[in-house]
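All chains should be built: construct the whole structure from the sequences, respecting the hints.
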Amino acid sequence: MLPQANSAKWEPPHGRFRHYYGAWSEYVKVGAVLRHCAYEVMALYGCLHSEIQAPIELRVTFQTEILEATVEAAELLRSLANDLGNMKHSVRVSQLMRVRVSTDRLQRSVDLHSCLLTSHGFPPKPTGKDCSHGSGSDPSSKLHREAERSPATAQPQTRTYHETMKKQQRRLHSWPSREVDELEEEDGGGDSTELITRMRALESTAALSLATFALLLIEFVARLDHLVDAVEQLAATAKFKQQAGLEHTK
Numbered sequence: 493m494l495p496q497a498n499s500a501k502w503e504p505p506h507g508r509f510r511h512y513y514g515a516w517s518e519y520v521k522v523g524a525v526l527r528h529c530a531y532e533v534m535a536l537y538g539c540l541h542s543e544i545q546a547p548i549e550l551r552v553t554f555q556t557e558i559l560e561a562t563v564e565a566a567e568l569l570r571s572l573a574n575d576l577g578n579m580k581h582s583v584r585v586s587q588l589m590r591v592r593v594s595t596d597r598l599q600r601s602v603d604l605h606s607c608l609l610t611s612h613g614f615p616p617k618p619t620g621k622d623c624s625h626g627s628g629s630d631p632s633s634k635l636h637r638e639a640e641r642s643p644a645t646a647q648p649q650t651r652t653y654h655e656t657m658k659k660q661q662r663r664l665h666s667w668p669s670r671e672v673d674e675l676e677e678e679d680g681g682g683d684s685t686e687l688i689t690r691m692r693a694l695e696s697t698a699a700l701s702l703a704t705f706a707l708l709l710i711e712f713v714a715r716l717d718h719l720v721d722a723v724e725q726l727a728a729t730a731k732f733k734q735q736a737g738l739e740h741t742k
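When the count follows our numbering, it moves up by one through the sequence shown with no breaks and lands on 742 for the last residue.
Hint data in this document are derived by calculation from the structure and do not stem from the laboratory. Mixed in with the good hints there might be a few duds.
[Stated by the list, open to error] Derived SDA-like pairs (lysine to any residue); straight-line CA-CA distance at most 20 angstroms:
{"hint": "1", "residue 1": "Lys-521", "residue 2": "Asp-603"}
{"hint": "2", "residue 1": "Lys-521", "residue 2": "Glu-532"}
{"hint": "3", "residue 1": "Lys-733", "residue 2": "Leu-719"}
{"hint": "4", "residue 1": "Lys-733", "residue 2": "Asn-574"}
{"hint": "5", "residue 1": "Lys-580", "residue 2": "Glu-567"}
{"hint": "6", "residue 1": "Lys-731", "residue 2": "Leu-719"}
{"hint": "7", "residue 1": "Lys-521", "residue 2": "Ala-573"}
{"hint": "8", "residue 1": "Lys-733", "residue 2": "Trp-516"}
{"hint": "9", "residue 1": "Lys-580", "residue 2": "Asp-721"}
{"hint": "10", "residue 1": "Lys-521", "residue 2": "Asp-717"}
{"hint": "11", "residue 1": "Lys-521", "residue 2": "Glu-724"}
{"hint": "12", "residue 1": "Lys-521", "residue 2": "Val-533"}
{"hint": "13", "residue 1": "Lys-521", "residue 2": "Ala-706"}
{"hint": "14", "residue 1": "Lys-521", "residue 2": "Ser-571"}
[Said to hold, decoys possible] Pairwise CB distance ranges, derived in the manner of DEER restraints:
{"hint": "15", "residue 1": "Ala-566", "residue 2": "Thr-729", "range": "23 to 29 angstroms"}
{"hint": "16", "residue 1": "Val-585", "residue 2": "His-528", "range": "22 to 28 angstroms"}
{"hint": "17", "residue 1": "His-718", "residue 2": "Val-593", "range": "15 to 21 angstroms"}
{"hint": "18", "residue 1": "Asp-603", "residue 2": "Gly-538", "range": "39 to 45 angstroms"}
{"hint": "19", "residue 1": "Arg-600", "residue 2": "Ile-548", "range": "21 to 27 angstroms"}
{"hint": "20", "residue 1": "Ala-524", "residue 2": "Thr-562", "range": "22 to 28 angstroms"}
{"hint": "21", "residue 1": "Met-579", "residue 2": "Thr-556", "range": "35 to 41 angstroms"}
{"hint": "22", "residue 1": "Gln-555", "residue 2": "Gly-523", "range": "30 to 36 angstroms"}
Here the structure is a predicted model, which is why all the values come from computation and not from measurement. All residues carry an ideal CB built from backbone N, CA and C; glycine is no exception.
Pasting the structure below:
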């Protein structure tokens with residue numbers, strides 16, 4: 493689109509196109525906004541095909557809001573593409589409202605469940621019992637309590653997380669097969685506390701990948717507002733035919 497617009501901009505008026513005015517600069521603006529939208533789509537694609545994926549239990553929490561936002565955004569994008577292809581302008585107030593409402597729901601869901609996205613890999617807060625003994629803020633006391641934990645209590649957590657990763661690996665082939673298995677082999681049954689810490693670090697990274705995807709989707713919808721403004725400005729400048737009665741309702 494951009495090379496054609498630049499070529500047409502410098503072409504002198506001639507023949508039957510002597511008094512014809514093309515909104516080439518507006519087409520260039522639409523192309524620039526589309527380019528930025530494509531950047532967001534490529535970033536979303538990278539998150540979907542990343543080697544590190546969030547656990548299925550965590551993804552289900554945001555499944556409804558993410559699907560609703562993506563469906564509404566895709567519908568709006570197809571509507572804009574049809575307007576450009578047919579050189580017609582249709583009113584899409586309800587479409588914009590649905591897209592914004594779905595994005596607000598996703599944002600509220602991320603804010604509401606932010607503890608699920610940030611609590612992994614961090615040590616638990618000291619309880620009232622620990623504070624009553626005066627050891628809640630003493631680093632040496634924390635290390636002493638950590639050393640007193642028996643491997644027998646940590647082993648069920650290790651097996652549970654290991655089984656979860658195995659199930660996730662069978663469902664998502666993109667999860668690296670070495671990160672849990674080789675960590676256990678390298679540990680060799682030694683310090684199970686260190687193994688659990690490293691596993692929690694992997695779990696925290698996986699949770700952050702879901703948060704990144706949700707925030708990229710919200711930013712993509714925000715860029716769609718600029719695309720709608722650019723298409724409407726193009727339709728007004730190029731005098732697209734007004735299409736009435738095509739507003740979808742749900």
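Results for each hint:
| no. | hint | verdict |
| --- | --- | --- |
| 1 | Lys-521 <-> Asp-603 | violated, 34 angstroms |
| 2 | Lys-521 <-> Glu-532 | holds, 17 angstroms |
| 3 | Lys-733 <-> Leu-719 | holds, 19 angstroms |
| 4 | Lys-733 <-> Asn-574 | holds, 13 angstroms |
| 5 | Lys-580 <-> Glu-567 | holds, 17 angstroms |
| 6 | Lys-731 <-> Leu-719 | holds, 18 angstroms |
| 7 | Lys-521 <-> Ala-573 | holds, 15 angstroms |
| 8 | Lys-733 <-> Trp-516 | holds, 18 angstroms |
| 9 | Lys-580 <-> Asp-721 | holds, 15 angstroms |
| 10 | Lys-521 <-> Asp-717 | holds, 13 angstroms |
| 11 | Lys-521 <-> Glu-724 | holds, 11 angstroms |
| 12 | Lys-521 <-> Val-533 | holds, 19 angstroms |
| 13 | Lys-521 <-> Ala-706 | violated, 27 angstroms |
| 14 | Lys-521 <-> Ser-571 | holds, 18 angstroms |
| 15 | Ala-566 <-> Thr-729: 23 to 29 angstroms | holds, 27 angstroms |
| 16 | Val-585 <-> His-528: 22 to 28 angstroms | holds, 24 angstroms |
| 17 | His-718 <-> Val-593: 15 to 21 angstroms | holds, 19 angstroms |
| 18 | Asp-603 <-> Gly-538: 39 to 45 angstroms | violated, 24 angstroms |
| 19 | Arg-600 <-> Ile-548: 21 to 27 angstroms | holds, 22 angstroms |
| 20 | Ala-524 <-> Thr-562: 22 to 28 angstroms | holds, 23 angstroms |
| 21 | Met-579 <-> Thr-556: 35 to 41 angstroms | holds, 37 angstroms |
| 22 | Gln-555 <-> Gly-523: 30 to 36 angstroms | holds, 34 angstroms |
Checked against the numbered hints given earlier, this structure breaks hints 1, 13 and 18; the rest are met.
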